[in-house]
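For the protein sequence lines, the chains are D and C, in the order given. Using full-length UniProt numbering, read the first sequence as starting at 1 and increasing by one per residue. Using full-length UniProt numbering, read the second sequence as starting at 1 and increasing by one per residue.
Treat the hints with care, as some may be off.
In this list, chains with the same sequence are indistinguishable; a pair is considered to hold if it fits within one copy or across any two.
As the list claims (entries may be wrong) - 30 Å max Cα-Cα, derived DSSO-like pairs, lysine-lysine:
{"#": "1", "residue 1": "Lys-151", "residue 2": "Lys-26"}
{"#": "2", "residue 1": "Lys-34", "residue 2": "Lys-185"}
{"#": "3", "residue 1": "Lys-34", "residue 2": "Lys-182"}
{"#": "4", "residue 1": "Lys-185", "residue 2": "Lys-151"}
{"#": "5", "residue 1": "Lys-203", "residue 2": "Lys-151"}
{"#": "6", "residue 1": "Lys-34", "residue 2": "Lys-335"}
{"#": "7", "residue 1": "Lys-203", "residue 2": "Lys-29"}
{"#": "8", "residue 1": "Lys-26", "residue 2": "Lys-400"}
{"#": "9", "residue 1": "Lys-185", "residue 2": "Lys-335"}
{"#": "10", "residue 1": "Lys-396", "residue 2": "Lys-298"}
{"#": "11", "residue 1": "Lys-182", "residue 2": "Lys-376"}
{"#": "12", "residue 1": "Lys-15", "residue 2": "Lys-151"}
{"#": "13", "residue 1": "Lys-400", "residue 2": "Lys-185"}
{"#": "14", "residue 1": "Lys-151", "residue 2": "Lys-376"}
{"#": "15", "residue 1": "Lys-34", "residue 2": "Lys-203"}
{"#": "16", "residue 1": "Lys-335", "residue 2": "Lys-15"}
What the hints contain is simulated information worked out from the structure, not anything from laboratory work. None of these values were measured; they are calculated from a predicted model.
There are 2 protein chains.
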Amino acid sequence: MKLLKVDTLEQAREKLLAQITWDMGKTEKIPVEKSGGRILACDVLAESPLPYFPRATVDGYGVRAADTQGAGESIPVFLEVKEEVEIGTVPSGEITGGTCAYVPTGGMIPRGADAMVMVEYTEPFDTSHIAVYSSVPSGAGILQIGEDVEKDQIILTRGTRLGAAQIGALAGNGIREAEVYKPLKVTILSTGDELTEPGCPLKPGCIYDINTPALARMGEEMGFEIVHTQVLPDREAVIEQALRQGLRSSDLIVISGGSSQGKKDMTSRILDRISNPGVFTHGLALKPGKPTILGVDKESESVLMGLPGHPGAALVVFRLLAGWLERQRTGCPEKPRVPAVMESNVPAAPGKDTILMVRLLPGEGGVYTARPVLGKSGLMRTLTGSDGFVRIPLGKEGLKTGETVTAELL
Amino acid sequence: MKLLKVDTLEQAREKLLAQITWDMGKTEKIPVEKSGGRILACDVLAESPLPYFPRATVDGYGVRAADTQGAGESIPVFLEVKEEVEIGTVPSGEITGGTCAYVPTGGMIPRGADAMVMVEYTEPFDTSHIAVYSSVPSGAGILQIGEDVEKDQIILTRGTRLGAAQIGALAGNGIREAEVYKPLKVTILSTGDELTEPGCPLKPGCIYDINTPALARMGEEMGFEIVHTQVLPDREAVIEQALRQGLRSSDLIVISGGSSQGKKDMTSRILDRISNPGVFTHGLALKPGKPTILGVDKESESVLMGLPGHPGAALVVFRLLAGWLERQRTGCPEKPRVPAVMESNVPAAPGKDTILMVRLLPGEGGVYTARPVLGKSGLMRTLTGSDGFVRIPLGKEGLKTGETVTAELL
Chain D
1 MKLLKVDTLE QAREKLLAQI TWDMGKTEKI PVEKSGGRIL ACDVLAESPL
51 PYFPRATVDG YGVRAADTQG AGESIPVFLE VKEEVEIGTV PSGEITGGTC
101 AYVPTGGMIP RGADAMVMVE YTEPFDTSHI AVYSSVPSGA GILQIGEDVE
151 KDQIILTRGT RLGAAQIGAL AGNGIREAEV YKPLKVTILS TGDELTEPGC
201 PLKPGCIYDI NTPALARMGE EMGFEIVHTQ VLPDREAVIE QALRQGLRSS
251 DLIVISGGSS QGKKDMTSRI LDRISNPGVF THGLALKPGK PTILGVDKES
301 ESVLMGLPGH PGAALVVFRL LAGWLERQRT GCPEKPRVPA VMESNVPAAP
351 GKDTILMVRL LPGEGGVYTA RPVLGKSGLM RTLTGSDGFV RIPLGKEGLK
401 TGETVTAELL
Chain C
1 MKLLKVDTLE QAREKLLAQI TWDMGKTEKI PVEKSGGRIL ACDVLAESPL
51 PYFPRATVDG YGVRAADTQG AGESIPVFLE VKEEVEIGTV PSGEITGGTC
101 AYVPTGGMIP RGADAMVMVE YTEPFDTSHI AVYSSVPSGA GILQIGEDVE
151 KDQIILTRGT RLGAAQIGAL AGNGIREAEV YKPLKVTILS TGDELTEPGC
201 PLKPGCIYDI NTPALARMGE EMGFEIVHTQ VLPDREAVIE QALRQGLRSS
251 DLIVISGGSS QGKKDMTSRI LDRISNPGVF THGLALKPGK PTILGVDKES
301 ESVLMGLPGH PGAALVVFRL LAGWLERQRT GCPEKPRVPA VMESNVPAAP
351 GKDTILMVRL LPGEGGVYTA RPVLGKSGLM RTLTGSDGFV RIPLGKEGLK
401 TGETVTAELL
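The task is simple: from the sequences and hints, build the whole structure.
And the structure:
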């Protein structure tokens, strides 16, 4: 058993970035309407101003503002209605002194008009005239050319996750394809003679595999493409073959195994044999998460991640390393964490970063209370009973009742 | 133009629930590994205890705790090693006084043993004996039968969204299929002679359609199945036909149109004609969101939702109504909102609920500052520049600088 120095989470992250000497930022163009949840790989500029014509923001009459000066509730001004502008069309004439045109919300303001009078402040007077009971300033009720977006203005920046609003903005600018990052291809392997695949009968002493489906789902949530999952026995040759296959097909290979020392040594040995330069992190100063291994293979341009066997630890470390890597790769910022107030004191693990699972209880004024979810390593309950987790940084003795923390949602 | 009383958001929600007299909670059974993001339609009970055998949580030796009494760093106790238990197998013998068995993490504890001594506190003595340098209490290093989950205990409740941890819990309990709610089938229609579909040339005065792709994406994010989207001209017969088709194929039909009064009246008239009992909410006391229409058709068991034409208003109202309806239907709780401190004073709209778009800026101690994103109705910028929105309830005059609010993320 080799004794190796563990890395802090930050050290491991820095090493990982330094080792990735290839381009992880491959992109593809996809139709905007299929780009939901994807991340923009470049800034998007407006090809034309928005709106590209002066546009009514109310139902009413396009007027020359000067013509309405002095109009009031009991002193109407009378204007001749020259036309009814239909939405989606160009007004046929120009508004000159003493005239106006009906324009619906969203319609084009005719030349000559510089303000809208809302229909509520007008009344038909005769077949060709209206009475106006309000004076309006120039510009009222009009969205000017480029007022929303100017031509060549950046409307969305690289690293933006495309949600409903962003897809609307792209569509509104007439953009049909979005250049987004290709999802990382991920292989997920779980090792252990005791692991049983779903649907198979359970032999005494064996357990159903948790890590493969749980890590696969978390990978999907982080935007990865899961290309392969497999449960493997504790046989070196079989594991090596699966890892080599992973190198060929994936950008990231995740292997989680038993937490026994023998297995950890075996995984590390195989990873070192099949990859170059191989494993550079042999453990994390993180609780839970110590038995974490990180390596790269420059030839196949793959990242290798050995995760702890305990499902809770495996999921947290996967988020802290692969989720972080994905943000580095794409420039997509972290989702807002939820601030919460600690319900009780919790000590930290000395010399390590400590991850504390928490349940968020709604509190006064919308501020959450963070209730620690404690339990022995490997309990399912701590996983399903938590809304998220809090990180206690190395060097901090613990968290105090009433202290504000920020929880990363699971 | 009929003058109709508007409803508050809460009134509209109550009316909607009261009008839905059919079962919206249809369910389906799907494989657990494909159930990510879906919502459980029933409580899930454990079919067997977890673990179902006493399980080692450390690498070491299964012992009778009484045999280790008195052992210490300089006073070892010597025990005979009867066997090496392999993971995934049943120990062959029983531990009697003065004996022990090697058990790896995750392995089954042999009968007779009631504690684990970690390998770090032992040393090989001769070929068949070890020296133990620490005394352990009964139960140390062992997860007892049912300690994580007891048989028939509820492991996940109805309304739970299935994330990575939940999928892991189902898999670990040997559950292969999850009973989840069927997604609501949704038709999304946008109306307007000015609306141009992506890729078509823009005629002067026309604009690209925003609402269809934006609402479709938001619907997907809320868990709906978008069965049809269509952009329609302002022609009553065409709109009526599309709505009738929607009634046949969908649980929810969303139509957003121009904000001009004529169009709103037309939409309301058509909805009333094709549905029974028809429209019951003719406007919301909500800013933005006034031109919102709600109805149901009991024969086809469909909900009808007329949304404002402005994309920002349409998206917010869709979330506030359809997102709320989905939570009612499935019992899935709202995702945690993010508490934040107002950066400036903002007045509310009198007599209405006010929705304020905000940007969340990271602040001291992880608490966000909420910066209001203001702008004329219908600006794209207010949409893409916001992280979420804050609701100022009717009757509240506004928000004050420094006041804590909770933002619903977009």
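Tested hints:
{"no.": "1", "hint": "Lys-151 / Lys-26", "in the structure": "within (28 Å within a copy, 48 Å between copies)"}
{"no.": "2", "hint": "Lys-34 / Lys-185", "in the structure": "both (19 Å within a copy, 18 Å between copies)"}
{"no.": "3", "hint": "Lys-34 / Lys-182", "in the structure": "both (13 Å within a copy, 22 Å between copies)"}
{"no.": "4", "hint": "Lys-185 / Lys-151", "in the structure": "neither (37 Å within a copy, 38 Å between copies)"}
{"no.": "5", "hint": "Lys-203 / Lys-151", "in the structure": "between (67 Å within a copy, 18 Å between copies)"}
{"no.": "6", "hint": "Lys-34 / Lys-335", "in the structure": "both (22 Å within a copy, 24 Å between copies)"}
{"no.": "7", "hint": "Lys-203 / Lys-29", "in the structure": "between (49 Å within a copy, 26 Å between copies)"}
{"no.": "8", "hint": "Lys-26 / Lys-400", "in the structure": "neither (45 Å within a copy, 46 Å between copies)"}
{"no.": "9", "hint": "Lys-185 / Lys-335", "in the structure": "both (22 Å within a copy, 29 Å between copies)"}
{"no.": "10", "hint": "Lys-396 / Lys-298", "in the structure": "neither (37 Å within a copy, 60 Å between copies)"}
{"no.": "11", "hint": "Lys-182 / Lys-376", "in the structure": "neither (39 Å within a copy, 36 Å between copies)"}
{"no.": "12", "hint": "Lys-15 / Lys-151", "in the structure": "neither (42 Å within a copy, 45 Å between copies)"}
{"no.": "13", "hint": "Lys-400 / Lys-185", "in the structure": "neither (41 Å within a copy, 48 Å between copies)"}
{"no.": "14", "hint": "Lys-151 / Lys-376", "in the structure": "between (59 Å within a copy, 19 Å between copies)"}
{"no.": "15", "hint": "Lys-34 / Lys-203", "in the structure": "between (45 Å within a copy, 25 Å between copies)"}
{"no.": "16", "hint": "Lys-335 / Lys-15", "in the structure": "within (24 Å within a copy, 35 Å between copies)"}
Checked against the numbered hints above, the structure violates hints 4, 8, 10, 11, 12 and 13; every other hint is satisfied.
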